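Visitor: Sequence:
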Amino acid sequence: MLIAAIVALGVGTYAMRLGGVLLRGRLELSETLQRLLPMAAAALLAALAGTAALMAGTAFAGVARPAGVLVGGILAWRKAPFVVVVLAAAGTAALLRLAGVD
Numbered sequence: 000m001l002i003a004a005i006v007a008l009g010v011g012t013y014a015m016r017l018g019g020v021l022l023r024g025r026l027e028l029s030e031t032l033q034r035l036l037p038m039a040a041a042a043l044l045a046a047l048a049g050t051a052a053l054m055a056g057t058a059f060a061g062v063a064r065p066a067g068v069l070v071g072g073i074l075a076w077r078k079a080p081f082v083v084v085v086l087a088a089a090g091t092a093a094l095l096r097l098a099g100v101d
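In numbering that gives the first Met the number 0, the protein residues as written are 0 to 101.
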């Protein structure tokens with residue numbers, strides 16, 4: 000059953016990609032829509048990241064996880080190496096949880 004689901008999702012993914020290639024010449028988007036689509040993708044990604052950073056299931060994740068995400072975000076913004084960003088974010092969350100701040 001799991002293999003069938005994986006194959007179905009793979010076929011669906013490639014069908015959507017093929018549809019985009021085949022319809023590119025037929026579908027005419029307005030200039031306003033062409034300008035707004037990249038911003039919509041960025042907004043969707045930001046909403047997904049915010050939800051993942053703040054929620055654990057249906058409840059608030061506590062203070063440790065958002066604090067780790069904040070540290071990682073600041074270091075990424077300051078262009079720190081990726082390994083440093085990940086280790087600092089994970090270390091911040093782990094130390095806060097160890098200290099009992101959840």
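Just to be clear, a hint being listed does not mean it is correct.
What the hints assert, rightly or not - Label-pair restraints from in silico Cβ distances:
{"no.": "1", "residue 1": "L26", "residue 2": "A46", "range": "24 to 30 Å"}
{"no.": "2", "residue 1": "R96", "residue 2": "R25", "range": "19 to 25 Å"}
{"no.": "3", "residue 1": "M0", "residue 2": "A51", "range": "24 to 30 Å"}
{"no.": "4", "residue 1": "L69", "residue 2": "E30", "range": "33 to 39 Å"}
{"no.": "5", "residue 1": "R77", "residue 2": "V6", "range": "30 to 36 Å"}
{"no.": "6", "residue 1": "P37", "residue 2": "L97", "range": "37 to 43 Å"}
{"no.": "7", "residue 1": "A46", "residue 2": "R25", "range": "29 to 35 Å"}
{"no.": "8", "residue 1": "A51", "residue 2": "V82", "range": "16 to 22 Å"}
To be clear, the hints were calculated from the coordinates, so they are not data collected in a lab. For clarity, every value in this text was computed on a predicted model and none was experimentally measured. For glycine and all other residues, C-beta sits at the position ideal for the given N, C-alpha and C.
Visitor: Hints first: check each against the structure and report whether it holds.
Guide: Hints, one by one, checked against the model:
Remark: the range hint 24 to 30 Å for L26 to A46 is upheld by a beta-carbon distance near 26 Å. Taking the beta carbon of each, R96 and R25 are about 53 Å apart, not inside 19 to 25 Å as hinted. Remark: the range hint 24 to 30 Å for M0 to A51 is upheld by a beta-carbon distance near 27 Å. Look at L69 against E30: about 37 Å separates their beta carbons, and that is inside 33 to 39 Å.
Between R77 and V6 the Cβ separation comes to about 43 Å, which falls outside the hinted range of 30 to 36 Å. For P37 and L97, the hinted distance range of 37 to 43 Å is satisfied, since their beta carbons lie about 41 Å from each other. With their beta carbons about 31 Å apart, A46 and R25 fall inside the hinted range of 29 to 35 Å. One distance hint, 16 to 22 Å for the beta-carbon pair A51 and V82, holds here, with the actual separation near 21 Å.
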